[in-house]
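Asker: Sequence:
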Amino acid sequence: MKANKEKKLKDAGWKIGSTNEFLELTPEESAYIEMKLALCNSLKEKRIKKRISQVAFAKKIASSQSRVAKMEAGDPSVSIDLIMKSLLTLGISKKELAQVISTSK
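Counting along the sequence shown from 1, when you hit position 72 you're at 839 in the numbering used here, and nothing is skipped either side.
If you're looking for bench data, these hints aren't it; they were derived computationally from the structure. All residues carry an ideal CB built from backbone N, CA and C; glycine is no exception. Fair warning: there could be bad hints in the mix.
[Unchecked claim] Below are the DSSO-like pairs computed for lysine-lysine, each with C-alpha atoms no more than 27 angstroms apart in a straight line:
| hint | residue 1 | residue 2 |
| --- | --- | --- |
| 1 | Lys-861 | Lys-827 |
| 2 | Lys-852 | Lys-827 |
| 3 | Lys-813 | Lys-852 |
| 4 | Lys-852 | Lys-862 |
| 5 | Lys-862 | Lys-827 |
| 6 | Lys-816 | Lys-861 |
[To be verified] Across the chosen pairs, the derived CB separations fall in these ranges:
| hint | residue 1 | residue 2 | range |
| --- | --- | --- | --- |
| 7 | Lys-827 | Ala-779 | 49 to 55 angstroms |
| 8 | Gly-858 | Leu-792 | 28 to 34 angstroms |
| 9 | Ser-869 | Arg-818 | 24 to 30 angstroms |
| 10 | Ala-823 | Lys-774 | 48 to 54 angstroms |
| 11 | Ser-820 | Ser-860 | 46 to 52 angstroms |
| 12 | Tyr-799 | Ala-779 | 33 to 39 angstroms |
| 13 | Lys-827 | Glu-773 | 45 to 51 angstroms |
| 14 | Ser-833 | Glu-773 | 39 to 45 angstroms |
| 15 | Lys-772 | Leu-864 | 36 to 42 angstroms |
| 16 | Thr-870 | Glu-796 | 16 to 22 angstroms |
Could you build all of it, start to finish, from the sequences and the hints given here?
Answerer: Spelled out as structure tokens, the structure:
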């Protein structure tokens with residue numbers, strides 16, 4: 768945010784901070800969320816790259832299209848375990864998986 772805009776907001780009584788500060792996240796919670804989102808994005812990219820529809824992929828993992836959509840959107844009801852299993856089903860290597868995790872913010 769530009770300094771002049773930040774000053775105007777502060778002068779108007781607004782508080783400026785990060786998402787982590789607003790949600791009072793610990794560094795561990797923040798890292799977990801960032802890793803999960805990186806895995807979700809990777810899942811969607813990998814599925815699209817392989818030209819597999821959500822419906823076809825859902826059948827492949829014995830799930831539903833709506834569950835695949837939730838995985839790709841990072842829905843809180845979806846576990847990292849399921850996302851990782853799905854990525855492995857799409858053929859992601861351990862090295863690629865490690866890279867996705869290590870390059871998350």
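Asker: If a hint holds in the structure, say so; if it does not, say that too.
Answerer: Each hint, compared with the structure:
{"no.": "1", "hint": "Lys-861 - Lys-827", "verdict": "holds (20 angstroms)"}
{"no.": "2", "hint": "Lys-852 - Lys-827", "verdict": "holds (12 angstroms)"}
{"no.": "3", "hint": "Lys-813 - Lys-852", "verdict": "holds (13 angstroms)"}
{"no.": "4", "hint": "Lys-852 - Lys-862", "verdict": "holds (15 angstroms)"}
{"no.": "5", "hint": "Lys-862 - Lys-827", "verdict": "holds (23 angstroms)"}
{"no.": "6", "hint": "Lys-816 - Lys-861", "verdict": "holds (18 angstroms)"}
{"no.": "7", "hint": "Lys-827 - Ala-779: 49 to 55 angstroms", "verdict": "holds (53 angstroms)"}
{"no.": "8", "hint": "Gly-858 - Leu-792: 28 to 34 angstroms", "verdict": "holds (33 angstroms)"}
{"no.": "9", "hint": "Ser-869 - Arg-818: 24 to 30 angstroms", "verdict": "holds (27 angstroms)"}
{"no.": "10", "hint": "Ala-823 - Lys-774: 48 to 54 angstroms", "verdict": "holds (53 angstroms)"}
{"no.": "11", "hint": "Ser-820 - Ser-860: 46 to 52 angstroms", "verdict": "violated (23 angstroms)"}
{"no.": "12", "hint": "Tyr-799 - Ala-779: 33 to 39 angstroms", "verdict": "holds (34 angstroms)"}
{"no.": "13", "hint": "Lys-827 - Glu-773: 45 to 51 angstroms", "verdict": "holds (48 angstroms)"}
{"no.": "14", "hint": "Ser-833 - Glu-773: 39 to 45 angstroms", "verdict": "holds (41 angstroms)"}
{"no.": "15", "hint": "Lys-772 - Leu-864: 36 to 42 angstroms", "verdict": "holds (40 angstroms)"}
{"no.": "16", "hint": "Thr-870 - Glu-796: 16 to 22 angstroms", "verdict": "holds (19 angstroms)"}
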